[in-house]
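The whole structure should be built from the sequences, with the hints applied where relevant.
Positions in the sequence shown are counted from 1; adding 87 to them yields the working numbering.
In short, the hints are calculated from the structure, not lab data.
Here a beta-carbon is modelled for each residue, glycine too, at the ideal position from N, C-alpha and C.
Certain hints may be false.
[Said to hold, decoys possible] FRET-style restraints, in silico, Cβ to Cβ:
#, residue 1, residue 2, range
1, ARG166, ALA290, 18 to 28 Å
2, TYR369, HIS217, 20 to 30 Å
3, PRO233, LEU351, 36 to 46 Å
4, ASN236, GLY124, 32 to 42 Å
5, PRO210, ARG122, 36 to 46 Å
[Said to hold, decoys possible] Okay, derived cross-link-like pairs now, EDC-like style, lysine to aspartate or glutamate, Cα gap no bigger than 20 Å in a straight line:
#, residue 1, residue 2
6, LYS121, GLU363
7, LYS294, GLU305
8, LYS366, ASP156
9, LYS294, GLU175
10, LYS271, GLU282
11, LYS271, ASP218
12, LYS294, ASP156
13, LYS366, GLU129
14, LYS344, GLU117
15, LYS344, GLU356
16, LYS121, ASP156
17, LYS121, GLU282
18, LYS121, GLU357
19, LYS294, GLU172
20, LYS121, GLU356
21, LYS366, GLU172
22, LYS366, GLU175
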Amino acid sequence: MSVPSHSDQPVQPEKGPQADKHTMRLQIWETPLKRHGSSVLEAFAWEEVMCRRVGAGHLPVAHIWRHPDAFVAGLRDRRLPQAVESMERIRSRGTAVCVRPSGGAAVPLNPGIVNVSLILPNPGHAINIHDDFREMASIIAESLAPWSNQVQTGEVQGAFCPGDYDVSVGGLKFCGIAQRRQAKAYIITAFIIVEGQGDQLAADVRKFYQHAAGGASEGYPDVQPGTMASLKELAGVPSAAAYTASLVRTLRDRYPKAETSRVLNVGIEEVRLTAEQMKLRYD
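This is the structure:
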């Protein structure tokens with residue numbers, strides 16, 4: 088892989104106001120790997136329901152999950168001229184497809200990609216989204232510490248789902264961060280490519296945009312080869328399970344009152360109805 092030019096700074100542990108959150112009783116919930124053919128939208132619906140509960144007083148939540156085969160488009164992607172046809176083309180191959188409510192652009196999912204979300208209260212409507220993005224980037228970097236300490240943040244030109252808080256090693260992106268707000272709570276969410284080939288994932292996303300653009304020359308990311316990589320390629324991380332275990336340890340270190348024993352019971356029917364509403368609104 089070629090390495091693009093990159094002028095980012097190493098990720099540093101968060102200090103200052105963000106440290107106040109480290110005293111909260113975070114609940115860590117890892118959803119088992121979903122089955123082939125299962126809805127990917129239900130994972131976002133589960134978080135939407137849990138976000139409402141956190142806004143109503145439930146403990147904050149860290150949600151970790153994976154999907155075996157899915158393609159998640161962004162809200163802006165959905166507005167491309169041939170987006171619906173392009174998503175149907177992917178769906179016809181047996182891949183689960185949805186439009187997510189959070190920010191960001193298209194992302195493919197497979198068992199080697201770990202998704203993590205922090206679902207946090209916002210009673211005063213005074214969040215600083217940059218602080219929270221930096222916090223998430225710092226958690227992801229610390230989780231990689233057993234294998235590498237060369238993590239940086241900053242947009243990687245040519246990567247898919249680009250953003251100011253792309254997380255990379257050696258100029259190659261392995262993680263993107265987005266957010267979703269509700270009235271009294273919000274979600275900071277990230278995808279982390281642990282296994283697989285970054286260039287193949289980028290090629291899949293590039294093909295989606297070539298079809299979805301319908302001849303348009305702008306309005307979507309210009310995804311280029313040599314911009315994405317997995318943590319296995321970059322740092323020798325052996326598996327998604329190994330990285331997830333390190334991620335859970337990092338969360339427990341960051342939030343000493345974190346709980347992993349309690350089961351988060353969210354009604355299946357409530358999640359299903361929320362998924363249907365989200366599909367009608369965003370798809």
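These are the hints, each one checked on the structure:
1. Checking the proposed 18 to 28 Å range against ARG166 and ALA290 shows it holds: the Cβ atoms sit about 23 Å from each other.
2. Taking the beta carbon of each, TYR369 and HIS217 are about 25 Å apart, inside 20 to 30 Å as hinted.
3. The hint said 36 to 46 Å for the Cβ distance between PRO233 and LEU351, and at roughly 28 Å that hint is violated.
4. Take ASN236 and GLY124: their Cβ atoms lie about 39 Å apart, and the range 32 to 42 Å holds.
5. The given range of 36 to 46 Å is respected by PRO210 and ARG122, whose C-beta atoms sit roughly 37 Å from each other.
6. Among the hinted pairs, LYS121 with GLU363 is consistent with the structure: their alpha-carbon atoms are about 18 Å apart, no more than 20 Å.
7. The straight-line distance between the Cα atoms of LYS294 and GLU305 is roughly 15 Å, inside the 20 Å bound, and the hint therefore holds.
8. Annotation: proposed proximity of LYS366 to ASP156 holds, straight-line Cα distance about 18 Å (limit 20 Å).
9. At roughly 13 Å between alpha-carbon atoms, LYS294 and GLU175 fall within 20 Å of each other, so this suggested pair holds.
10. Distance check on the hinted pair: LYS271 and GLU282 sit about 35 Å apart at the alpha-carbon level, beyond 20 Å; violated.
11. Distance restraint check for LYS271 and ASP218: the Cα-Cα separation of roughly 18 Å lies within the 20 Å cut-off, and the hinted pair is therefore satisfied.
12. For the hint linking LYS294 to ASP156, the alpha-carbon distance of about 17 Å falls within 20 Å, and the restraint holds.
13. With a CA separation close to 10 Å, the supplied pair LYS366 and GLU129 stays within the 20 Å bound.
14. For a cut-off of 20 Å, the pair hint linking LYS344 to GLU117 stands: about 17 Å separates their Cα positions.
15. For the hint pairing LYS344 with GLU356, the CA-to-CA distance comes to about 31 Å; that exceeds 20 Å, so the pair is violated.
16. Proximity of LYS121 to ASP156 is assessed by CA-CA distance (about 9 Å); at most 20 Å being required, the pair is judged to hold.
17. Using a Cα cut-off of 20 Å, the hinted pair LYS121 and GLU282 holds, with the two alpha carbons roughly 17 Å apart.
18. Distance restraint check for LYS121 and GLU357: the Cα-Cα separation of roughly 18 Å lies within the 20 Å cut-off, and the hinted pair is therefore satisfied.
19. For a cut-off of 20 Å, the pair hint linking LYS294 to GLU172 stands: about 13 Å separates their Cα positions.
20. With a CA separation close to 17 Å, the supplied pair LYS121 and GLU356 stays within the 20 Å bound.
21. With a C-alpha separation of about 16 Å, the suggested pairing of LYS366 with GLU172 holds against the 20 Å cut-off.
22. A hinted pair counts as satisfied when its Cα atoms are at most 20 Å apart, and LYS366 with GLU175 qualifies at roughly 14 Å.
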